[in-house]
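Undergrad: Sequence:
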Amino acid sequence: MKRDGVILEKNGKVATITLDMPETRNALSLSIIEYIDKQVDEVIKDKDIQCLIITGGTGKFFVSGANIENLEVMTPSNAKDFIEAGHKLFTKIETLDIPTIAAINGYCLGGGLELSMCCDIRICTRRAWLGLPEIKIGMIPGWGGALRLQKLIGQSRAKYMILRGHMISSQKALDFGLVSEVYGDIKTMREKANELADELAGYAPITMKMIKRQFYDAANKQTSDIAETDALALAFLQTTEDAKEGLRAYLQKRQPTYKGR
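Be aware that the sequence shown starts at 1, since it is given in the numbering used here, and climbs by one per residue.
Hints are supplied without guarantee of correctness; some may be wrong.
[To be verified] The following label-pair restraints were derived from C-beta to C-beta distances: (1) 192 x 152: 18 to 24 Å; (2) 9 x 207: 23 to 29 Å; (3) 232 x 136: 21 to 27 Å; (4) 7 x 215: 15 to 21 Å; (5) 9 x 241: 43 to 49 Å; (6) 229 x 206: 50 to 56 Å; (7) 236 x 171: 26 to 32 Å; (8) 60 x 199: 27 to 33 Å; (9) 245 x 163: 16 to 22 Å; (10) 236 x 159: 34 to 40 Å; (11) 244 x 207: 34 to 40 Å.
[Claimed, not checked] Only pairs whose alpha carbons sit at most 30 Å apart, straight line, appear in this in silico DSBU-like list of lysine-lysine: (12) 136 x 212; (13) 13 x 212; (14) 38 x 159; (15) 10 x 187; (16) 60 x 38; (17) 259 x 159; (18) 159 x 80; (19) 159 x 47; (20) 253 x 38; (21) 192 x 136; (22) 38 x 259; (23) 13 x 187; (24) 88 x 159; (25) 92 x 13; (26) 187 x 244.
These are computed hints drawn from the structure, not numbers from a lab.
As the structure is a computational prediction, the values presented were derived from the model and not from experiment.
Yeah, the Cβ is synthetic: ideal placement off N, Cα and C, and Gly gets one too.
Produce the complete structure using the sequences and hints provided.
TA: See the structure below:
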């Protein structure tokens, strides 16, 4: 199953969704989000699949974030639809009955980090960099990033990253507990991801489902409360001069000039 460089492959009990769009740095547009959503539905329907891997393809990026070119021309209504579609997909991944692995092959930024944080386990290569840099273009993490990041690494560290738009290295991500393993190269990481997926897929599916539900009930009761807040905030930001300036400056490769309005 393949479209626009987003590929779903199945091997035994393991499914892998690969984003391979180096020309866009695997950026997430509305159409890409909707297609990944359909792929996840395909995984859900296939009762033989007991683990899902999400990874990047041949380029240097796992996911670079939302598609900036799309964001610049969005109306507030479009922005709200975009954010809601992302929340729908990410919550679907987070609440899957089967275990999920984010195999982070490179830069994992913005919506890419938010996507990876919906997975149960994150592993990466040594060259990976992770961050939520939205503040640098006058935006905020729109897909639950602030909430999920502070739950994973603590509020102080999450603020340090988000308020500065700061990227952290793979080693720092390991130290923070944001990833579980760091591998020297992509080939090794993919092999280890497949080994881990085979291990997880070998456990009792009902038990795995119940364990996942325990974690979700204990840690994510607030997740559903933030979707509307994030969507309304992003819709409002689309009307501000500073957000428009941040996007323009990014596309024009210059420093933005913010005016506080």
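Undergrad: Please list, smallest to largest, the hint numbers that this structure does not respect.
TA: 4, 6, 7, 10, 11, 12, 14, 19, 20, 21, 22, 26
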